[in-house]
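K.L.:
Residue-level listing of the chains:
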Amino acid sequence: MSVLSDLFYGFGIALQPWNLLSCFIGVFIGTLVGVLPGIGPAGAMSLLLPVTFGMSPVTGIIMLAGIYYGTMYGGSTTSILVNIPGEAASIVTCLDGHQMALKGRAGPALGIAAFGSFIAGTGCIIGLIFMTNALAGVALVFGPTEYFSLMCLGLSLVTYLTQGSILRGLVMAGVGLFLSQIGQDVVTGQTRFSFGLRGLIDGVGLVPVIMGLFGISEVLLNIETLGEQRAIMKTSFRHLFPTWEDWRKSAAPIGRGTIIGFFLGILPGGGALISSFVSYAAEKWFSKHPEEFGKGAIEGVAGPESANNAASTSGFIPLFSLGIPSNVIMALLLGALMIHGLKPGPLMITERPDVFWGTVASLYVGNAMLLMLNLPLIGLWVQVLKVPYRTLFPLILLFCFIGAYSISANVFDLYVMLIFGVLGYVLRKKNYECAPLVLAFVLGPMMEKNLRQALILFDGNLSVFITRPLSLAALVVSVLLLLTAVIPFVQKRRSEVIVEDD
Amino acid sequence: MSLGRASESFSLPPWKRIMGKAMVEKQREMSEGIFWVVIGGMICILAFQYGLGSFRAPAPGFVAFLTGILIGGVGAVMILSKRFSMGRVKGTTRGAGQGISAIPWSRLAYTMMFLIAYAILMDPLGYIASTFLAMFGLFFDWEKKNWLWSAFFSITVSLVSYLVFEVWLHCQLPRGILPWW
Numbered sequence: 001m002s003v004l005s006d007l008f009y010g011f012g013i014a015l016q017p018w019n020l021l022s023c024f025i026g027v028f029i030g031t032l033v034g035v036l037p038g039i040g041p042a043g044a045m046s047l048l049l050p051v052t053f054g055m056s057p058v059t060g061i062i063m064l065a066g067i068y069y070g071t072m073y074g075g076s077t078t079s080i081l082v083n084i085p086g087e088a089a090s091i092v093t094c095l096d097g098h099q100m101a102l103k104g105r106a107g108p109a110l111g112i113a114a115f116g117s118f119i120a121g122t123g124c125i126i127g128l129i130f131m132t133n134a135l136a137g138v139a140l141v142f143g144p145t146e147y148f149s150l151m152c153l154g155l156s157l158v159t160y161l162t163q164g165s166i167l168r169g170l171v172m173a174g175v176g177l178f179l180s181q182i183g184q185d186v187v188t189g190q191t192r193f194s195f196g197l198r199g200l201i202d203g204v205g206l207v208p209v210i211m212g213l214f215g216i217s218e219v220l221l222n223i224e225t226l227g228e229q230r231a232i233m234k235t236s237f238r239h240l241f242p243t244w245e246d247w248r249k250s251a252a253p254i255g256r257g258t259i260i261g262f263f264l265g266i267l268p269g270g271g272a273l274i275s276s277f278v279s280y281a282a283e284k285w286f287s288k289h290p291e292e293f294g295k296g297a298i299e300g301v302a303g304p305e306s307a308n309n310a311a312s313t314s315g316f317i318p319l320f321s322l323g324i325p326s327n328v329i330m331a332l333l334l335g336a337l338m339i340h341g342l343k344p345g346p347l348m349i350t351e352r353p354d355v356f357w358g359t360v361a362s363l364y365v366g367n368a369m370l371l372m373l374n375l376p377l378i379g380l381w382v383q384v385l386k387v388p389y390r391t392l393f394p395l396i397l398l399f400c401f402i403g404a405y406s407i408s409a410n411v412f413d414l415y416v417m418l419i420f421g422v423l424g425y426v427l428r429k430k431n432y433e434c435a436p437l438v439l440a441f442v443l444g445p446m447m448e449k450n451l452r453q454a455l456i457l458f459d460g461n462l463s464v465f466i467t468r469p470l471s472l473a474a475l476v477v478s479v480l481l482l483l484t485a486v487i488p489f490v491q492k493r494r495s496e497v498i499v500e501d502d
Numbered sequence: 503m504s505l506g507r508a509s510e511s512f513s514l515p516p517w518k519r520i521m522g523k524a525m526v527e528k529q530r531e532m533s534e535g536i537f538w539v540v541i542g543g544m545i546c547i548l549a550f551q552y553g554l555g556s557f558r559a560p561a562p563g564f565v566a567f568l569t570g571i572l573i574g575g576v577g578a579v580m581i582l583s584k585r586f587s588m589g590r591v592k593g594t595t596r597g598a599g600q601g602i603s604a605i606p607w608s609r610l611a612y613t614m615m616f617l618i619a620y621a622i623l624m625d626p627l628g629y630i631a632s633t634f635l636a637m638f639g640l641f642f643d644w645e646k647k648n649w650l651w652s653a654f655f656s657i658t659v660s661l662v663s664y665l666v667f668e669v670w671l672h673c674q675l676p677r678g679i680l681p682w683w
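If you're matching them up, the sequences are chains A and B in order. At position 253 of the first sequence (counting the first as 1) the number is 253 in the working numbering, and the numbers step up by one without a gap. Count along the second sequence starting at 1, add 502, and that's the number in the working numbering.
Incorrect hints may appear among the rest.
As the list claims (entries may be wrong) - Below 27 Å or equal to it, Euclidean Cα-Cα: the simulated DSSO-like pairs (lysine-lysine) are:
#1 K103(A) - K288(A)
#2 K646(B) - K249(A)
#3 K103(A) - K284(A)
#4 K647(B) - K295(A)
#5 K249(A) - K288(A)
Keep in mind the hints are simulated off the structure, nothing from the lab.
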């Protein structure tokens with residue numbers, strides 16, 4: 001009953017005019033970003049982060065969250081119509097979604113993607129409410145040792161699940177940790193690693209780093225193929241609603257996709273991308289006609305689209321209950337919450353119920369908005385897709401510049417963004433993933449603070465990390481995951497799985 | 503087809519032909535490991551300068567030192583794993599594995615030049631003027647020579663973005679040479 005009244009309280013906040021408007025702007029921009037290849041949710045959220053400074057925390061977070069799950073919806077449109085995923089989590093939708101479009105069934109493909117996402121998003125909100133409350137209750141007894149070990153586990157999982165070499169992922173995590181050390185020491189306040197640059201006294205900014213690694217580098221990669229034309233399906237959108245037969249085939253995949261996405265979304269590094277792949281594999285395994293997959297099976301659209309949306313919702317659970325982000329987007333949201341003076345963690349639900357319950361209710365409102373936006377506005381999104389990249393990329397770069405500059409009105413942040421843009425381009429060319437770097441960069445100060453607190457608290461006794469059960473379990477799993485980097489058989493098998501997935 | 507491949511292999515320097523592509527790749531990845539060992543070492547030295555403290559009272563350089571060890575250690579594992587194995591993990595990142603010669607360097611350099619100039623000129627010239635110049639350069643197509651189109655788009659984008667971000671959303675953008683805006 002208490003949960004229900006809290007949820008009503010959340011709806012009371014989410015349905016306030018300003019919050020409704022920010023939710024609408026968020027999901028609209030999110031869908032647009034999802035439709036457009038070349039700028040991801042991290043870039044779009046970084047751009048709008050300074051805009052939220054003038055808003056109340058809950059209004060700002062509602063808008064940023066809307067961008068995130070909006071991209072999941074929008075990404076499916078490009079996958080189905082152009083065979084280009086607007087967002088990484090929609091890669092798998094290309095396989096059957098585009099095949100359906102080629103057979104003249106683009107409407108039902110887009111329809112089931114939107115309905116599946118809505119159903120999954122709604123289902124996950126219920127899970128989010130109960131799981132966050134339960135986890136937050138448990139997390140109250142966590143000390144610095146547990147937090148440090150859990151963050152190690154989070155980083156290890158993200159590193160393990162990166163595409164390509166684990167060693168490269170680990171190096172990226174190390175670089176992110178070092179970058180997070182630049183600036184003032186979290187305990188003594190001493191300035192370190194600033195190399196005499198005034199701009200580095202407060203450390204390297206999160207937004208310029210994300211804008212550079214995900215915005216500028218993406219544009220640099222895309223302008224390599226500037227002259228190439230995108231072939232957009234010419235299809236009728238009169239019949240967007242799936243038939244009864246489509247619903248019969250899709251009901252179970254949507255249910256399974258929701259469950260898969262929900263649980264994988266909670267895991268650090270799991271996220272929308274992995275859950276969509278796992279859901280696709282599961283549907284192929286469950287299907288009586290697996291040979292139809294890749295040739296336009298609606299189950300291959302319904303399952304993964306539900307899974308990626310479910311994962312984007314359940315990713316909020318570790319953020320709100322433990323204060324630990326599970327992926328780059330959540331890391332950015334964590335940064336946004338901290339800029340607004342909030343401390344995500346077990347106490348946030350009781351200390352700032354307006355932010356927690358308001359955001360949770362807005363997820364539901366946003367999902368309903370997306371359903372209404374996506375189906376009638378599909379023609380608009382198709383028009384957006386026709387904008388040539390030559391026209392688009394200067395605008396994306398401009399948004400990156402505005403986003404990086406307006407955080408602190410400092411040109412130094414623009415230089416940082418450009419440096420990270422070039423760095424991101426080189427790293428991606430060399431097969432290095434940027435996600436572990438960003439997550440380590442965000443978790444770094446918290447990891448350092450908890451490690452040093454634990455050491456001071458227990459008089460330098462390192463055994464405290466292995467005598468506490470939860471800390472031990474987290475560290476053992478982390479070590480086992482990272483050991484696979486040096487075991488040739490596991491490394492080979494893992495790389496085969498990633499190549500198969502691709 | 504076979505003639506093409508044969509001529510291609512003859513165009514390779516002799517040492518490359520002897521070692522084979524796999525060996526060259528292996529050597530390249532080993533040099534990557536060496537690079538990270540050096541970076542890790544440098545971080546350790548820097549961290550040492552800020553003091554490491556002890557386990558009972560860790561100093562500001564303590565965690566950075568551990569980070570340096572992690573990066574250097576992984577670099578060492580990279581070297582060792584390449585030293586003792588012939589196989590290599592397949593990369594899947596977009597654009598990876600593409601030959602350096604296939605990258606349109608002139609296009610990248612042109613774009614970067616405008617971005618760097620934009621960053622440098624943003625404060626002295628102000629948002630509107632610097633954005634106009636940067637957008638003009640980026641919109642301009644050297645093949646089509648679309649001067650008018652680029653100028654129109656650049657002015658429109660500069661003014662509309664100024665209205666949206668500065669006037670409506672109250673972002674702090676530099677005024678520069680146009681202080682009345």
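K.L.:
Could you run down the list of hints and mark each one as holding or not?
P.N.:
Hint check:
{"no.": "1", "hint": "K103(A) - K288(A)", "in the structure": "holds, 21 Å"}
{"no.": "2", "hint": "K646(B) - K249(A)", "in the structure": "violated, 51 Å"}
{"no.": "3", "hint": "K103(A) - K284(A)", "in the structure": "holds, 20 Å"}
{"no.": "4", "hint": "K647(B) - K295(A)", "in the structure": "violated, 44 Å"}
{"no.": "5", "hint": "K249(A) - K288(A)", "in the structure": "holds, 11 Å"}
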